[in-house]
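The two chains are supplied separately, each in an independent frame; assemble them into the complex guided by the hints.
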Amino acid sequence: MKIVIVDYDTGNVNSIKNMLARIGATSEISGDKSIIEKADKLILPGVGTFDQGMRSLMERDLVGLLQEKVMQDKTPLLGICLGMQLLGLSSEEGELPGLGWVNFRAKRFNFSGLENEKQYKTPHIGWSEAYSVDTQHTLMKDVPAPHRFYFVHSYHFSASPENKSEVLLKSTYGYEFVSGVCKGNVLGVQFHPEKSHKFGMQLLKNFIH
Amino acid sequence: MPIPRVIPVLQLKGRGLVKTKKFSNSVYVGDPLNAVKIFNEKEVDEIVIVDIEATQKGYKPRFDYLQDIVSECFMPVSYGGGVTSIEDIRTLNKIGVEKVILNSIAVQKPDFVKAAAERFGSSTIVVSIDVKKNLFGKQEVYSRSGTQNGKKDPVEFALMMQEYGAGEVLLHSIDRDGIMGGYDIDLIRKTADRLSIPLIACGGAGSIQDFKNAIHSAGASAVAAGSMFVFHGKHKAVLISYPTRKELEQLQTNEY
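Here the protein sequences come in this chain order: D and X.
The numbering of the first sequence is this note's numbering, which starts it at 1 and goes up by one.
The numbering of the second sequence is this note's numbering, which starts it at 210 and goes up by one.
Honestly, the hints are just simulated from the structure, not real lab data.
Keep in mind that this is a model prediction, so the values were computed, not measured.
This list has only true hints and no planted wrong ones.
If you want a taste of the chain D side facing chain X, the calculated C-beta under 8 Å gives, among others:
#: 1; residue: S15
#: 2; residue: G48
#: 3; residue: Y173
Okay, derived cross-link-like pairs now, DSS-like style, lysine-lysine, Cα gap no bigger than 25 Å in a straight line:
#: 4; chain 1: X; residue 1: K222; chain 2: X; residue 2: K445
#: 5; chain 1: D; residue 1: K141; chain 2: X; residue 2: K251
#: 6; chain 1: X; residue 1: K251; chain 2: X; residue 2: K421
#: 7; chain 1: X; residue 1: K455; chain 2: D; residue 2: K198
#: 8; chain 1: X; residue 1: K246; chain 2: D; residue 2: K205
#: 9; chain 1: X; residue 1: K246; chain 2: D; residue 2: K198
#: 10; chain 1: X; residue 1: K303; chain 2: D; residue 2: K38
#: 11; chain 1: D; residue 1: K205; chain 2: X; residue 2: K251
#: 12; chain 1: X; residue 1: K323; chain 2: D; residue 2: K107
#: 13; chain 1: D; residue 1: K170; chain 2: D; residue 2: K118
#: 14; chain 1: X; residue 1: K303; chain 2: D; residue 2: K2
#: 15; chain 1: D; residue 1: K198; chain 2: X; residue 2: K303
#: 16; chain 1: D; residue 1: K141; chain 2: D; residue 2: K198
#: 17; chain 1: X; residue 1: K399; chain 2: D; residue 2: K118
#: 18; chain 1: X; residue 1: K230; chain 2: X; residue 2: K347
#: 19; chain 1: X; residue 1: K323; chain 2: X; residue 2: K269
#: 20; chain 1: D; residue 1: K198; chain 2: X; residue 2: K251
#: 21; chain 1: X; residue 1: K303; chain 2: D; residue 2: K205
#: 22; chain 1: X; residue 1: K303; chain 2: D; residue 2: K41
#: 23; chain 1: D; residue 1: K118; chain 2: X; residue 2: K421
Note that beta-carbon positions come from the ideal geometry of N, C-alpha and C, so glycine has one too.
With the rest of the complex left out, here is chain X (with noise of 0.2 Å):
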């Protein structure tokens, strides 16, 4: 099995990166350009940016900003944030972007992710399926940053979207966002058991243990962290780190 993917998630806010917790509460964590260009240096497997504040606001993709930060990464960039027409994709495209990340327009118009994918191929479309549990406990997939309940099962509607054509599926847990304790090992196992395109884990990573969890208990075919490449310590000094090679390539196996 090649090693599997690692993979920072860097949250946009306005010009500054920053780290929210269950897609609340963001700090300010750094200048993205900075982040980008250590992340570089550090020849990550690859990188996620997205912007947490364009389909809430409801602009566009900033692309002249993106194409700044974009132009300093000699590895795959995936963006989302704001994405819903095929220009956007296109544009996204050209100035860069391997991978575009379709949230909130899926849950809203599931045709479009079909349309995406016919003209761009299943390989350039991501679909990021954000899951929280409702009011009575039950997990759901909610959409514009976790406000808006899609009133759609996290399994059936991953089903529905790689039967649309999308290329990945990035599953993203809210309850465990930036608490660093876990991915919810559960949910990513009863969605990967049924996908046959890759899932990335993403919400709760805290140690490389939580990586192998995610791939060799659960089936994640790639791993996807914020908090624990951003902050260190106990106090969470903001700080850009990433795996070493070493410790990336013990990701193989589920020995020690």
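The following block holds chain D by itself, in its conformation from the complex (with noise of 0.2 Å):
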């Protein structure tokens, strides 16, 4: 099976890849059209701003490409942090739009009017719990619990009556706000299982099989 992390210039591809080979997979890291259209598994990392990484994604020319491979092939995809927030519509952080897969707009956390305000800082950095909304999906399966990931992010999708149905993964900081999300073959979770421990490992087993 071909799995393969998108290079679009953002994010430390490297962990991801090591993790993967720590669980015994193989993946290539490219940004190399030719080889991305051969996936049977993407992977979309992401650390930076929004903007940056959709011009990242559009200067290489992938949007087209990975449109076709997600929507029209149905290729397994995981969009992590970054690469989260660039499936939903827009993000407060940037004037681009997202990829449009699942319909969510990021947004800045904001705890003006919590009792303890002063205590939430931002960025939400560090290990927090992520409550599955379904706990049958195959992407939390035999993850330990609670499961707990790493966090480190200050834009993040929030649950609403429109978005129900795509909402994997909640969690708290300050307020609840949506950590993990599913259309079909679109994933995305907001943590970095990269970094994650047995948690990621354990998710990222799911993933790729």
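Put into structure tokens, the structure is as follows:
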């Protein structure tokens, strides 16, 4: 099986490849269209700003190809951190539109009005729990409970009546936010499975099988 | 509140791990690769690796060597030491370093922090602020491993770094480094009070109670320690350790 980690000059791609290797899977890091085209599974990493991410994808002429792979060929794709946010419609952080595959818009954390407002710093950095909304979903199978993962982000997705069916995981940081999404073959997680020890390892194992 | 992060700090000198006292008298502690493997097995929250000679000796981060070390980490790694360009940060990211720590460069060229945050996002940029009392007893920001006085007030400098886009501040008390006598609670408190980004306390940790003080009395979002995790006992035998899950859970509240 060909697992391709999309290289669009953002994200620590090596960490993902490394963890995949540790769980016995070979993967390729590539921004080359001919390689991405042949992928059986795709991982879209991402660290940085929204517009930078979208611009990087556009500059490498990858948007169209990814649309085709994901929407037409139904290739399973996992977006990580910024990679997940790019799957949405847009972000408060930027002006460019996202890939638009899931019905979410990234918003900046805002704790005004909360009781212990001052305690909540931005970015949200650290280990937090992720609760499965759909406990039967294969992505979370056998992940040690309570599920804990490493987060580092200033923007997040929120649940609404319109995107209810696409919410996979929820977490709390001051208030509840969406930490995992799924829509058919499109999956996304806000946290970094590649840096979340045994929790991330099991999640990635589930994704590649 | 999520459980506050507890972060081992590893000081690299050459190919060895060392531990300093007040940023000098470095003592050899072991092989970095080995230490990292042990921390990985213990599932630590995250790790900070600093090359304490890079800036002084004028060399770039040793990417190949770091890649070997980082590939053993399945938790986040932050690296600092000799980072002076956007390219350095890009390469570090590529080899698996989650967050890049800027120290001397932030003091010398604050604009670089702005550029780096813009390029990589605040979440990738940590500014490490080393603080020492000057000859007159006033705390100031020092760079180049505590040898150069940047003549800046720590709190004002931390605020400036936040404004320039740093995602986190690592506040390091040089005076308390290696003594395991407790953090500089006043310094941490007055800085954390003004910041809206997370602050990692460093320098002086000797016990879980020190962690609690930093978090609950001073407002630190995370606590870092060096000596406490590499030495054991009165005679400072080298032993890599880390709090148990139970001890970590205790940090959520200020009670026993």
